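Residue numbers (the working numbering), protein chains in the order written: chain A, 119 to 512; chain B, 119 to 512; chain C, 119 to 512; chain D, 119 to 512.
One or more of the hints may lead you astray.
It does not matter which identical chain is used: a pair holds within one copy or between any two.
Okay, derived cross-link-like pairs now, EDC-like style, lysine to aspartate or glutamate, Cα gap no bigger than 20 Å in a straight line [unchecked claim]:
#, residue 1, residue 2
1, K156, E458
2, K156, E138
3, K255, E266
4, K122, E195
To be clear, the hints were calculated from the coordinates, so they are not data collected in a lab.
Just so you know, these numbers come straight off a predicted model, no measurement behind them.
4 protein chains.
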Amino acid sequence: MSNKIPRSNDNDYSAEIISERQQFLEQQTGASLDHTRKFSFDPETMDGNCEHLFGVAQVPIGVAGPLLVNGEHAQGEFYVPLATIEGTLIASYNRGMRVIRESGGITTTICGEAMQRAPAFVFRTGREARDFSLWLKANFAEVKAQAESTTSVGKLVDIESYVYHNWVNTRFNYTTGDAAGQNMTGRATYVACEWISSNYPQLRHYMLSSNFDTEKKPSAVNSLGTRGRRVTAELTIPREVLQSVLRITPEQMAYGQTISLMSSYIAGSSSNAAHPVNGLAALYIATGQDAACVGEATQSTVYTYVDRRGDLYFSITLPALVMATYGGGTGLATQRECLELMGCYGKGKAHKLLEIAAATVVAGELSLGAATRRDKDTGKNEWVDAHETLGRNR
Amino acid sequence: MSNKIPRSNDNDYSAEIISERQQFLEQQTGASLDHTRKFSFDPETMDGNCEHLFGVAQVPIGVAGPLLVNGEHAQGEFYVPLATIEGTLIASYNRGMRVIRESGGITTTICGEAMQRAPAFVFRTGREARDFSLWLKANFAEVKAQAESTTSVGKLVDIESYVYHNWVNTRFNYTTGDAAGQNMTGRATYVACEWISSNYPQLRHYMLSSNFDTEKKPSAVNSLGTRGRRVTAELTIPREVLQSVLRITPEQMAYGQTISLMSSYIAGSSSNAAHPVNGLAALYIATGQDAACVGEATQSTVYTYVDRRGDLYFSITLPALVMATYGGGTGLATQRECLELMGCYGKGKAHKLLEIAAATVVAGELSLGAATRRDKDTGKNEWVDAHETLGRNR
Amino acid sequence: MSNKIPRSNDNDYSAEIISERQQFLEQQTGASLDHTRKFSFDPETMDGNCEHLFGVAQVPIGVAGPLLVNGEHAQGEFYVPLATIEGTLIASYNRGMRVIRESGGITTTICGEAMQRAPAFVFRTGREARDFSLWLKANFAEVKAQAESTTSVGKLVDIESYVYHNWVNTRFNYTTGDAAGQNMTGRATYVACEWISSNYPQLRHYMLSSNFDTEKKPSAVNSLGTRGRRVTAELTIPREVLQSVLRITPEQMAYGQTISLMSSYIAGSSSNAAHPVNGLAALYIATGQDAACVGEATQSTVYTYVDRRGDLYFSITLPALVMATYGGGTGLATQRECLELMGCYGKGKAHKLLEIAAATVVAGELSLGAATRRDKDTGKNEWVDAHETLGRNR
Amino acid sequence: MSNKIPRSNDNDYSAEIISERQQFLEQQTGASLDHTRKFSFDPETMDGNCEHLFGVAQVPIGVAGPLLVNGEHAQGEFYVPLATIEGTLIASYNRGMRVIRESGGITTTICGEAMQRAPAFVFRTGREARDFSLWLKANFAEVKAQAESTTSVGKLVDIESYVYHNWVNTRFNYTTGDAAGQNMTGRATYVACEWISSNYPQLRHYMLSSNFDTEKKPSAVNSLGTRGRRVTAELTIPREVLQSVLRITPEQMAYGQTISLMSSYIAGSSSNAAHPVNGLAALYIATGQDAACVGEATQSTVYTYVDRRGDLYFSITLPALVMATYGGGTGLATQRECLELMGCYGKGKAHKLLEIAAATVVAGELSLGAATRRDKDTGKNEWVDAHETLGRNR
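The shape of chain A in the complex, shown without the other chains (with noise of 0.2 Å):
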C-alpha cells in the first residue's frame, strides 16, 4: 500500500474523499478514529481552512461570566466562551470575574492599532540604506497608494524605518478593519515592494518578511510598536472586595506584584503578567482564532499599586493582540456561534470583542495573583488546593 495521504484534485472536501483518508489512517497506525470523525457541519465550508481534513477535534467547552465591561466598544455584561481541557482555567476566570463585578465592572481601551509586515531592503552599503530611509520617507504617499491599492480594508497608516548595517528593516503599519489581517498585509506590502524594486534601482533585493514582524513571538518592537491592537485593561478593586472575594488584601497583591515584576524583569520574560494565554488559547480556540497567535499575546505588562482609599488600582496593557471578528476561522460553525455568544460576529464588532478578551485576561490575572501568595492563616495554598479539588491532580 502507497504511503502517499489521499487526495482528490477534483474537490478534497467531499464525503469520499474525506473517508478515503480516515480509512487510509486507521489502516496505516491501527488507530481508530471513531470520535475524531463525527462533526455537524458541511465539510466543503472547511476548503480554505484546513488541507488534508479527516475530522475534527472536538475541544470542551465551558462558560465564564458575567463579565462587567465598561469598554468604548463592549458595555455590559458578557459570557465568555472559553475552549479547554485544563481544569481548574475555567473556575479561575470566573472568580475573577466576580471580582470584576462587584468592583463595578472594568475598564478597557484600544490604544493603538497595527498589523504588519516587515520587509528588509538590502543595499551596497549602509550609506546607501540610509540615503533609501529617507527617500521611502519622502515618497510615502506613493508606497501607500500602491499598498492600498491590492486591498479595500486596509490602510497603510505608516512606515517604520531601522537603518543597520547595509539594510533597512521596515514595519508597514496597516489598519485591517474586523480581520487579522496577516494575508492582506503580506499581498499589500508585497505589491508595494515589487513598485519600490522598479523605482529605486540601488535597491539590490528586498525580503519581504525579515522575520522584524516577529509574527507570533513575542519581541521588544511588538510591545513598543503594536501588533494588531493594543488593549489596557483596568479597574480599582475595592480592599472589602479583593478580602471577601479572594481573601487577599490590597497591599499583599501590591507587594508579590513588585516581587513578580522584579523576578520576570531579572528572568529575561517577555511578559510580568501570570497567564494572559491561558484564557485567550481558550478563547481563541472556541471563537476561530488563529491559535497559533497566542504566541505573540502571550506579552503583556501588569502594573497595581495601592491607591491613597487603600483599595487597588490593577492594570494590564496587552500590545499585541491578533483577533477578528470575520474571516480566517470565525465564520465556521461552532466557532461562530460562539462569537454570537458575546454579539461579536461580523463586520464591525473586533474593537468589541478585543476589549472582551482583555477584561477576561484581567478575570484570570486576579484570580491566579491572589491564589499564588502564600496563605499565612490557613496554612494552605489556594493554587495548589485547586489543583487537587478540581484538576486531574486527583
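With the hints as your guide, set chains B, C and D onto chain A.
Coordinates of chains B, C and D only, in the frame set by chain A:
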C-alpha cells in the same frame, strides 16, 4: 431571569445541567448553539478538564506526512494530525515533510528535561539571602526528599538559586515522566517550601510562584535552562532536493537566514524561527495538550549553514516544549485518537511525541523560509500566492 | 580632627584649598599623593567639571594609526590617541588599522541623530493616557517652541509616545550640534513639560526622567531609535589582506561570526560585537568625553559575509554613540590637545569625531575577531599569546 | 615624511622614543602636546600597560565622602576618589553619602564570584553535542586540573553547559583572587580546551571565546550567573533623613521607582538603576581599573519599598562588577595612590574595594533618584538646576 450561570453541585456534567446551560446562554444572548452542542463523547469524562461545560468547539483536523524521523524515540514514518482553521498551513507543513523525506529523514534529540516551580524566598537583608542560598545547596537531599514525598513520578533534579536584593529566586527542576507536570511540581514544591519554612527561621516568607518559572511565556531563563523538554531537530538537505522541492539554493536560504537572525536580534524577538507555533498549536489542539503552552514553546533558535559539499545544514533548538502523553487532556475522545494515530498515547511515549513535534516544526520552517524569499526569476512571491490559492484571501 | 572634606565657599579651585584637601586626605588615610597632586593645568579651569578637586589621574596615552577613513566628515588618515592601562589594547587596534589601510580605508556614515529626555506623563486611567498621546501629537509645534526657547543649539525633532497602563512614556528627541547634549535636552524638556503641565489639566503628574531614555545603559529603544548618534562603519577586506595581516580566511571569520552572533542572541547580550568599549573608553578618556557613556555605547551589532569574489564584507552599527567636540570636558588641557591631534576640537567637528570613533571600533573588532579563533596549524592561540607577550601576564 | 608611527624595538618606553613620537604627532597633525607630554612617573613602568606611549590624559580627581560602609570587608568611613570631567557628579555622590551616613551606613555583601571564559565546542550534530555535555560534566576534575596548572591564583569552580544546535556553549567560571582575571582565565581555559580537544575525538573544533562570556557588555547570562563579583548594597533610610537631606518622602521615592522599573522593563533596558556607571567610571579611572569594564558593570537592578515604619528600604544588586587591587593598572603612579587612599592596594583587598564601589553606586542612585522627581511645591526641578549651578550649562 437571573444572570447567574446554572450549575449543579451534585453533578455538573449531567446531560440535564449541560442542557440547562445551553438554554440559559441562548436565552441570555439570543445566539443559537446548534453545532456547539453536538459532541460524541460522554460529558462526564470532562470532569477535571472543563468547568461549566456547555458544548464543544469542532476544530477541523487535517493530516500532513508522512514525516520521516530518525529519533532516539521516534523512528520511522508518522502521519501528523493538525487541528487548524488557517488555510495553507497543512499544505505548507506537508511540503516541508516532503523535503525531509527526500533528505533521508530528520534527526531529533532530547537535550534536556526540566519542569519547574520557582519559589522566591524573601529575607530581611541581602546578606541573609546569600546565606540561605548556601544553606539550600547544603540541604538539597532533604528538600528533595520532601518534594518527592508527594509524587511517585516526579523527581527533583536540582535547584537553581539566583540571589538578588533581599531574596533568592529559585527554580526547582523536576523530571515528570509522561505528564507535562505543572501541577505535580506545584504540589511537590509547595511541600518542600513548607518544610524549608519550618526549618529556616530567618525566612520572612516565600512566594510559591514568583513568575521566575516564566510559565507560558518566553524568557532567557527558559531558553538557557530548559522548560519541559529541550529538543533539537536537524538535517542536511541535499542541494538538489532543496532546489527541486523548494526552488531555492542553499546559499539563498542561508543568506536569508542571517538577515532574519540579525533582524530578530535587533527586534528583541524571543525567537529567530519563523513560525514554530503554527504547527505546534495545531498539534497541541489535536492531541489534547495545553494550548496555552504555545506561549513558551514559541521560543526557539534556528541555525543553518552551507556545508563544504554545498548542501544545507538546518537545525532548530526548542528549549521549552511542554507536552504530555498521559494526564491532562490526552485521554479525551478525539485527543486520544490523534495520539494513537502516531503511536503516542499513554506512558512511556512523551519523548516520542516530542521528537515528532520538533520534526514537524522543521517542516514548517523549511517551507515558509523558502516561500518568503523573493523569487527573482518569476517576479512572483510564493508565500503571497499560496494564500491567494489555498487560503481565505480568495 | 573633623572628618569633613575641606571646602571653600569663595573659590573651591584655589591652590590653597586644593592643597588643604590633599593634606586632609593624606592625614585621614595615611596615603601619599605624590603623583596625584601633579598636574600642569590651571585648576580654576576645572570649575564646572569636577567638585572637591584634589589632583589628577595620570592615564597613559598611546597612539594607533594611521587610520584611513572614507567618511562624509572624516576623510583621510588619522592618528588616534588612546588612554588606557590595558596592555595589548593599542597594539591590537593598531593591527586592525593596518588591515583597514591595506583594504583602502573604511566607509563611515552617520545614520541617525537623537539625544533625548524621556518624561513619563501619568494619568488617572489608561483611557486618559491614550487621549493625551493624541493631544501631544496634535500640539507638537507648540511643545517644540517651548523646548527650543531654552537653547540656541538644540532642536526638538520629534516626540515618540508609548502608551502603557495609565501613563505615556515619551522620548523627546533632539539634535544638539557639537555638544553631547544631556543637560541641554534636560533643561529644554523640563520647560516643555511645565508648559504641558499647565495646559493639560487632566495630567496628574509627570517624571522628567522615567529611565526610558535609558541613559548610560543599553536598551531596545536605544538600539531601535538612536541615542546620540547612530553610526555605521563598513569595509570590504580583500581575501589576501585578511590572510596576510590577520592569518585567517574570510570563511573562518564569517563562520566564527555566526557562532558568535548566535551565542550573543542566546546569552541575551546587548551586543554581538566583541569589544567596542575597549577602544571607545580609551578614546573617551583621552578626548574629554563622559567616560560613563561607554555604558550605552557598548551596544552594537556586527554583520559580515563573504562576498561573491571571496572577500569579507564587515560592518558595525553603533546606535548610541554619545560624543562631543564642544562643552563638557573637551576644552580641558590634555583633552583638547588630543582632540586637536585629530582636527576634532570645537564647533562643527562632532560628526568627524564620531566617524573616527566608529572606524576605530572596527579596527579592534577585526584584530580581536581574528585572534580569538583557533589557529589550527600552529596549535597556538594568538589572543592568549598576545597577553603573554605584551600584557601584564608576564 | 613617512606616516608610520615611530617605534623602537629595543625599548619603546625610553624618553627618546616617546619624545620622537610626540614630535612626529605634532608635525603630522599640527597639534601641540604641551600638557599631554607632562607626567610625573617613569615611563618604563608603562611597559605592559600601554603601547606607543606618548603622554598622559590628566583627568581631574575630586573626592566624595566620607562613605560609611558596614561591609564584611570594608568597615568604617572611606574617602572615595572620583576622576571625572562631569560637573555636579561628585557633588551629587557626596550628597548621597550624607544620606548614607545619617542612615547609619550601608550594608554590603559579596553574593557571588565568577570570572569566565566561554568556549563553544562544535560538533557534527546536536546529538553529539548533547553527549559531550554529559562527558564534560563527568570529566570536570581533570579539566579543572588542566586549567589550574597554569595559575597559582585562579580556581575553576564550575563549568556551565548550554546545548544549542550542534554546539555547546560553556562558561568556565573561576575565582581569581585580587586580579580581575580576564587574561588569567583566558590562558587557563585555553590549556583546558586543548586537553579536551586531544581527548574528545568527536570534537570538530572549538572557539576559545564565542562571545558567550559577554565581556564588557550586559547580558542575561551575566546577570543570572555573575561576572567578576556580584555585590548587593542595601540600607534603610529613615523617613526624616530622606526628607531633610533629599526633600522627598519614602512614598514618592518608591512610587517613582516603580514607574522607573516598569519603564526600564518596557524599554528593554539592561538596568533599572539610574546611573551606576557615572560613579563607577570615575572610580575605575582613578584606581587603575579597566575603564571598559563599565560596559558590563552598567547592568544592575534596584529594589525599594516603604517598610511598615514608613522608612525606605533601598538596595542595588550589581551582578557584574569587575575590579582589581592587584595587577593591570593598579600599580601605576596615581592609580596606586588612589587605591591606598581607601586602604585597597594589593593582595587581599579586592572584596573591600568592591564593597566600597557598590556603596558608592547607591550614593549616586539616591541623589539622582530624588532629584529627577518633580518638586511640586517649588515648581523647580533640582536636577536641571544642579546642572545650571554647578555644571557646564552656565
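Against the structure, test the hints numbered earlier, and report the numbers of the ones violated in rising order. Hints that this structure does not satisfy do not exist here, as all of them hold.
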